[in-house]
Amino acid sequence: MKGNEVIGEAAVYAGCRYFFGYPITPQSELVAYMAKRLPEVGGCFLQAESEISAINMVYGAASAGVRVMTSSSSPGFSLKQEGISYLAGAELPAVIVNIARGGPGLGNIQPSQADYFQVTKGGGHGDYYTPVLAPSSLQEIVSLTREAFRIADEYRTPVILLGDGMLGQMMEPVEFEDEKPLPKVREKKWATTGTKGDGPPKTITSLDLNDTQLEIRNNTLQQKYAAIKEKEVRVDEYLLDDAAYAIVAYGTVARIARTAIDRARKKGIAVGLIRPVSLWPFPATIISEYSSVLKAILTVEMSAGQMIEDVRLAVEGKAPVFFYGRTGGVIPTVDEILQQIDRLTEEVAI
Amino acid sequence: MKTVFKRTTGLTDAETHYCPGCTHGIIHRLVAEVLEELDALETTVGVASVGCSVLAYHYFNCDMTQAAHGRAPAVATGLRRVLPEDRLVFTYQGDGDLASIGMAEIVHAAARGENITVIFVNNAIYGMTGGQMAPTTLLGQKTATTPEGRSSQLQGLPIRVSEMLATLDGAAYIERVSTHDPVHVLKAKKAIKKSFEIQRNRQGFSMIEVLSSCSTNWGLTPEESLKWIKSQMIPYYPLGIFKQQPCIGEES
Ligand SMILES: Cc1ncc(C[n+]2csc(CCOP(=O)(O)OP(=O)(O)O)c2C)c(N)n1
Numbered sequence: 001m002k003g004n005e006v007i008g009e010a011a012v013y014a015g016c017r018y019f020f021g022y023p024i025t026p027q028s029e030l031v032a033y034m035a036k037r038l039p040e041v042g043g044c045f046l047q048a049e050s051e052i053s054a055i056n057m058v059y060g061a062a063s064a065g066v067r068v069m070t071s072s073s074s075p076g077f078s079l080k081q082e083g084i085s086y087l088a089g090a091e092l093p094a095v096i097v098n099i100a101r102g103g104p105g106l107g108n109i110q111p112s113q114a115d116y117f118q119v120t121k122g123g124g125h126g127d128y129y130t131p132v133l134a135p136s137s138l139q140e141i142v143s144l145t146r147e148a149f150r151i152a153d154e155y156r157t158p159v160i161l162l163g164d165g166m167l168g169q170m171m172e173p174v175e176f177e178d179e180k181p182l183p184k185v186r187e188k189k190w191a192t193t194g195t196k197g198d199g200p201p202k203t204i205t206s207l208d209l210n211d212t213q214l215e216i217r218n219n220t221l222q223q224k225y226a227a228i229k230e231k232e233v234r235v236d237e238y239l240l241d242d243a244a245y246a247i248v249a250y251g252t253v254a255r256i257a258r259t260a261i262d263r264a265r266k267k268g269i270a271v272g273l274i275r276p277v278s279l280w281p282f283p284a285t286i287i288s289e290y291s292s293v294l295k296a297i298l299t300v301e302m303s304a305g306q307m308i309e310d311v312r313l314a315v316e317g318k319a320p321v322f323f324y325g326r327t328g329g330v331i332p333t334v335d336e337i338l339q340q341i342d343r344l345t346e347e348v349a350i
Numbered sequence: 001m002k003t004v005f006k007r008t009t010g011l012t013d014a015e016t017h018y019c020p021g022c023t024h025g026i027i028h029r030l031v032a033e034v035l036e037e038l039d040a041l042e043t044t045v046g047v048a049s050v051g052c053s054v055l056a057y058h059y060f061n062c063d064m065t066q067a068a069h070g071r072a073p074a075v076a077t078g079l080r081r082v083l084p085e086d087r088l089v090f091t092y093q094g095d096g097d098l099a100s101i102g103m104a105e106i107v108h109a110a111a112r113g114e115n116i117t118v119i120f121v122n123n124a125i126y127g128m129t130g131g132q133m134a135p136t137t138l139l140g141q142k143t144a145t146t147p148e149g150r151s152s153q154l155q156g157l158p159i160r161v162s163e164m165l166a167t168l169d170g171a172a173y174i175e176r177v178s179t180h181d182p183v184h185v186l187k188a189k190k191a192i193k194k195s196f197e198i199q200r201n202r203q204g205f206s207m208i209e210v211l212s213s214c215s216t217n218w219g220l221t222p223e224e225s226l227k228w229i230k231s232q233m234i235p236y237y238p239l240g241i242f243k244q245q246p247c248i249g250e251e252s
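Chains A and B supply the protein sequences, listed in that same order. For what it's worth, UniProt numbering labels the leading residue of the first sequence as 1, then goes sequentially. For what it's worth, UniProt numbering labels the leading residue of the second sequence as 1, then goes sequentially.
Calculated from the structure, these hints are not laboratory results. Computed from a prediction, not measured in an experiment: that's the story for all the values here. Don't be surprised by glycine CBs; every beta carbon is placed ideally from N, CA and C. Fair warning: there could be bad hints in the mix.
Stated by the list, open to error - Think about it this way: if two alpha-carbon atoms lie no more than 27 angstroms apart in a straight line, the pair counts; the simulated BS3-like pairs of lysine-lysine are: (1) Lys230(B) <-> Lys2(B); (2) Lys142(B) <-> Lys196(A); (3) Lys196(A) <-> Lys190(B); (4) Lys229(A) <-> Lys189(A); (5) Lys2(B) <-> Lys142(B); (6) Lys193(B) <-> Lys196(A); (7) Lys142(B) <-> Lys6(B); (8) Lys267(A) <-> Lys229(A); (9) Lys196(A) <-> Lys2(B); (10) Lys231(A) <-> Lys196(A); (11) Lys2(B) <-> Lys227(B); (12) Lys184(A) <-> Lys196(A); (13) Lys180(A) <-> Lys121(A); (14) Lys196(A) <-> Lys224(A); (15) Lys196(A) <-> Lys6(B).
What the hints assert, rightly or not - To list a few chain B residues with every Cβ distance to chain A over 12 angstroms, as calculated: (16) Lys6; (17) His69; (18) Glu105; (19) Arg112; (20) Glu148; (21) Asp181; (22) Val185.
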């Protein structure tokens, strides 16, 4: 199965029965997969007239209390930002997939990590965050898609699953049975499904014309974000026990970095990998702890340098932080990263 | 004593925030009365839009979701695709919301034949933001953004939404009504009832365009406003049924 199709099957496995999408490369296989798969399980797939409509259909479906998903790639993901802000404001659970591609503008269809700022810093208007999960293998797509739906339901929040064109298009064997199925959707008392005599009418809105009321609402959101920061940080650590150096990389780049690290280790360089799996909340504490004992840190991204800002904030000057990035859909090679590891050891030795 | 008129249970006790002379309140009451008469208050989910009626969820006595500006038909689509068939779903939208920023959403909801009711309130202006030009603003009409009056050369011609959507095969029922006098208010109610019945029969998309007033931003008294609907709006926006698909079983 292709990565995009794995996301679709993983969503179905997690109990998602509704999908509203719009074609865009490199995520179109997911839309096509859901068009075929959801009717088989009694769900509904609808191709919307735009990403804007798709995310608002998600808003409607989430209002009715079901697990629902939409997906896109960078330009289309930008169009969803208004809707994501409304989902956050109205506290509606949903999972939004971004299989990112080269930008800005129309860019190209090659893999990229240049949407990091957009997904981790809110993205739309207003004080909000969305949890962001970034798998780096197809098996991990299965577990993180499940996690995305769990977090969405548990905290009543939109959750982003972030991949890139490479992850979406690659093929790898996956096991679904290894994952515990996500429990059925608990009854969502707040959902607008018709009152059926169950008490007063329910309202879903992000509007509060009264300033103090809106501040109270915003404080509630912030408390929720604090709880997410406390409980939902995920990070993968590789060969860090004796490391003098560490690479920080996520998603596709982390796979390449791992191979480079294995080769550096053969040359006797003590380097390890810190792979943020949740990009928000960012594993700042872990990075901070390691930075007190590391000689230097290298951040590698398929961008001109976005996650590095969070890495630097976490490190707080305790170790030098270097950067290597490729953009425009160019994927850094193992050799390039290996060279950067060498550079790291030289610079720190001086 | 016989009760000849009572407040509908379709509205909450909340006092509306509408200006004197505005007919949003009347249109709310009509929708609410229809839902009460159809015994549908407990099985209806409404979608409020962005405009003067943004707080509609305070007034309608049924479950309500509030949508982003122009996106109510997409939100209603999401609800429709999830909710059981016995539920009724409606949107309540202004002309800026529906015919400008939300034009794509309304056209495609109609084209899909989405089984929803759309209450489209056409007051020829953006009320909430202080009286700017709407896509429905009449030629010559002065607004905050057409201080010299709307000109066909500069701003183009107003859009007749009902006529436009009636060209789509997916639309089952489209009618334009008015609120400028009691007779027309009663006709408007009949049309609104019809559209909910069509939805109940699962016949698909229906929209009732309701000509409405905005005394505050038109700069007219409430009485002058009603006259303005009759003398200025109706000639450009003729009343009537623009689309009526044969009922299921009636097709030959
Ligand atoms: C994305 C976005 N753009 C603009 C606005 C500002 N805005 C609020 S209401 C409105 C126009 C509403 O006019 P209409 O739909 O005709 O309804 P009315 O107020 O006349 O009832 C606008 C432009 C907004 N809330 N969101």
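Now for the hints, and whether the structure bears them out:
{"no.": "1", "hint": "Lys230(B) <-> Lys2(B)", "result": "35 angstroms, violated"}
{"no.": "2", "hint": "Lys142(B) <-> Lys196(A)", "result": "47 angstroms, violated"}
{"no.": "3", "hint": "Lys196(A) <-> Lys190(B)", "result": "25 angstroms, holds"}
{"no.": "4", "hint": "Lys229(A) <-> Lys189(A)", "result": "26 angstroms, holds"}
{"no.": "5", "hint": "Lys2(B) <-> Lys142(B)", "result": "48 angstroms, violated"}
{"no.": "6", "hint": "Lys193(B) <-> Lys196(A)", "result": "21 angstroms, holds"}
{"no.": "7", "hint": "Lys142(B) <-> Lys6(B)", "result": "39 angstroms, violated"}
{"no.": "8", "hint": "Lys267(A) <-> Lys229(A)", "result": "38 angstroms, violated"}
{"no.": "9", "hint": "Lys196(A) <-> Lys2(B)", "result": "30 angstroms, violated"}
{"no.": "10", "hint": "Lys231(A) <-> Lys196(A)", "result": "36 angstroms, violated"}
{"no.": "11", "hint": "Lys2(B) <-> Lys227(B)", "result": "34 angstroms, violated"}
{"no.": "12", "hint": "Lys184(A) <-> Lys196(A)", "result": "22 angstroms, holds"}
{"no.": "13", "hint": "Lys180(A) <-> Lys121(A)", "result": "31 angstroms, violated"}
{"no.": "14", "hint": "Lys196(A) <-> Lys224(A)", "result": "30 angstroms, violated"}
{"no.": "15", "hint": "Lys196(A) <-> Lys6(B)", "result": "23 angstroms, holds"}
{"no.": "16", "hint": "Lys6", "result": "20 angstroms, holds"}
{"no.": "17", "hint": "His69", "result": "9 angstroms, violated"}
{"no.": "18", "hint": "Glu105", "result": "6 angstroms, violated"}
{"no.": "19", "hint": "Arg112", "result": "8 angstroms, violated"}
{"no.": "20", "hint": "Glu148", "result": "33 angstroms, holds"}
{"no.": "21", "hint": "Asp181", "result": "32 angstroms, holds"}
{"no.": "22", "hint": "Val185", "result": "25 angstroms, holds"}
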